[in-house]
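Engineer: The lines below spell out each chain.
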Amino acid sequence: MMSLTTNLLTGPYDWDATTLPLAEADSRIAPLRAAMQAAGADALVVHGNSIDHGALAWASHFTPKLGPAFFVLPAQGAPTLLFSGGGGMAESAEKLTWVPDVKAIGALRRDLSTALGTPARIALGGTAMLSQASFAALDARDWCDLDPAIDALRRRKSTAEQHLIADAAAVLAQVAKALRTAHEAGQTMRAAGLAAEQAAYHAGAQDVRVLASHRRFGPPLDELPAAQVPQALAWIAVRRRGYWACADLTLGPSAALEGAHAALRAALQAPSGQLIGTAPDEGPSGPLQVGDAVVLRVRHQVGQDHAALSALLLADGDRVLWPSDIT
Amino acid sequence: MTRDDRLAAVRHLMVANGIDTLLAATGGMHLIDGFDPVAHLTGFRAIGPAILVLTATTARLYATPASDAERMAHAVAWADPVAQDAPTPPRLSGRIGWVGRDLLPFRLATAWPEGTTLDRPFLATTARKTEDEIAAARLATAIAESGLQTMMELARPGLPECDLAVAVNLAMRAQGANDSFLMLNAGPRAPAVMPSSERKLERGDIVLTELSPSVDGQFVQICRTLMLGNMPALTEEKYNLLCAALDRGIAAVKPGNRVADVCAAINDFLGEAGYAQYSSPPYIRRRGHGLGCGSIFPGDVAMDNDTMLEPDMVFVVHPNQFLPETGYMMCGEPVLVTETGVEVLSRSRARLIGIPLS
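Protein sequences appear in the order of chains A and B. FYI, in the working numbering the residues of the first sequence are 39 to 365. FYI, in the working numbering the residues of the second sequence are 3 to 360.
Source of the hints: derived by calculation from the structure; they are not laboratory data. Take these hints with a grain of salt, some might be off.
[Said to hold, decoys possible] Quick partial rundown of chain A residues pointing at chain B, CB under 7 Å, derived from the structure:
no.: 1; residue: T44
no.: 2; residue: D52
no.: 3; residue: Y239
C-beta: ideal position from N, C-alpha, C; glycine also.
Please work from the sequences and hints to get the whole structure.
Structural biologist: In structure tokens form, the structure reads like this:
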């Protein structure tokens with residue numbers, strides 16, 4: 039995910055069984071275990087940290103706040119969630135997950151060993167940002183990368199997940215409106231970005247990211263230009279109840295905008311893009327499959343003018359969640 | 003002290019250890035409870051993993067992602083930055099030293115050559131803050147105090163902890179903080195400070211908070227305790243005890259003293275007050291910690307830290323404490339070691355803050 043992560047996520051992250059019931063959790067454990075066994079492993083460890091925790095959040099609904107966390111699933115028996123923080127923080131950590139057995143990490147090597155037992159082969163998930171220190175603590179002499187299998191399981195969104203992504207997209211619309219309004223009012227990009235963040239939280243977001251620049255990818259919000267800029271490209275992402283929605287926006291007049299709209303309409307005819315769910319980028323979609331949530335991004339340039347647009351699509355019935363006015 | 007002085011000190015360290023090429027790495031996590039050698043040496047907060055390759059005469063930053071090239075080129079042109087999605091090692095010669103290798107994603111760490119670990123001497127060599135960093139720490143402290151004012155204005159029964167935390171963070175960002183580590187939780191008797199949950203504040207809650215904004219990547223921290231509604235005399239009495247312990251600790255901050263002396267001043271005072279058994283694990287791990295690009299030198303304010311205090315070190319002293327009568331309470335201030343003693347960076351000192359309710 040291309041944005042500076044705030045040091046400590048502070049939005050509403052508690053697991054809410056009314057929006058993502060325990061049955062949803064149960065429906066993920068069995069295929070995870072099957073994938074683990076198909077890979078010849080007799081234990082699974084899914085890692086996450088505050089930058090990269092899409093797989094961990096899918097497996098456990100846990101969002102790491104202070105340091106790395108690990109979902110440990112033995113071949114038989116209940117999973118354990120190990121989190122970074124003191125034992126006195128368990129009360130806070132337990133609210134974040136549907137995993138009943140939550141333990142603070144004291145000594146990582148020892149705690150992983152206790153939770154894992156003595157597996158001959160460990161399957162690992164959430165490996166992209168697994169640190170050298172954590173990998174060494176796993177002491178995994180024989181291991182396999184289960185991320186491709188977990189990605190495949192995460193890909194097909196359940197009905198509950200689709201509703202949550204649609205809810206996030208609704209918040210996204212409010213964020214985009216706040217950003218545009220502040221920008222058109224002549225505010226600096228930094229002030230406009232903060233206004234957008236505020237709108238997101240008021241609408242129930244647990245996290246929001248705003249990047250902006252004159253051309254392509256921009257710096258994180260904290261490094262946005264202090265001056266007001268007439269034109270900008272922005273990327274906004276909103277997470278609500280564990281699920282992301284994101285969009286590209288073009289702020290201000292741009293001669294490239296009409297071409298970008300045409301490109302987006304064309305893209306919707308044969309869609310493929312970036313999968314989205316418990317992470318804002320779950321990887322390239324290739325040809326769409328039933329249950330996909332996908333972001334289609336287009337960019338267009340005319341002379342010195344740039345434009346960026348995107349659409350958020352649910353593959354079931356090709357339902358466009360963003361933008362609402364595209365046909 | 004300037005950043006160039008710091009780079010020169012690191013190159014001296016390389017020579018002293020027979021190192022030809024130093025690889026200073028970050029995983030892109032700018033955690034207050036960790037450290038970021040790349041930001042510490044360059045001032046650049048990478049979005050993802052990054053490695054600074056330093057020789058006697060050259061510096062080159064390999065940082066992720068590739069799409070961040072424009073920002074890198076602008077921010078650290080002197081370090082000849084290379085933006086890649088998966089940095090590949092250049093041809094490296096001579097003896098190699100590492101700082102922060104454990105922070106890297108393991109695939110990236112193992113793709114680069116191994117070398118001698120220099121984390122601790124690196125931190126010791128670069129412990130003094132630059133003038134710019136001290137200025138940033140001063141501003142960050144003012145922002146933290148402003149954030150506390152916002153918290154005092156907004157805290158009320160019925161408001162979820164996380165909503166209060168978000169509002170305070172946004173207020174501090176609007177003041178110029180570029181990041182924030184904000185612990186905030188509440189309850190009638192909390193076992194510890196912890197990240198915010200969706201629990202709603204209630205009358206009679208003790209609100210625990212550590213406000214840790216950063217400016218230009220320099221984190222500071224103030225620790226405070228708020229009381230929603232009537233303030234029981236016993237709670238105030240015990241809080242004042244912690245404030246007196248804080249005074250003892252701060253008085254021990256001066257060049258030539260060890261960090262352990264600061265911890266001992268606090269522990270001895272609380273021990274005399276009858277709380278010796280609550281002044282060690284599992285109740286207490288440390289009485290403060292380093293500040294800057296993470297919780298860096300002079301390290302934890304703990305009994306086993308023999309680091310000698312030097313001018314221009316910045317750290318927080320916090321005798322945050324579980325007391326059997328009240329539960330956990332927090333008070334702490336960021337301090338700068340001066341040539342002759344100590345400067346407390348915060349303008350107003352910790353006191354038990356009462357939030358009157360109608």
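Engineer: Hint by hint, say whether it matches the structure.
Structural biologist: Hint by hint, here is what the structure shows:
no., hint, verdict
1, T44, "holds, 6 Å"
2, D52, "holds, 4 Å"
3, Y239, "holds, 5 Å"
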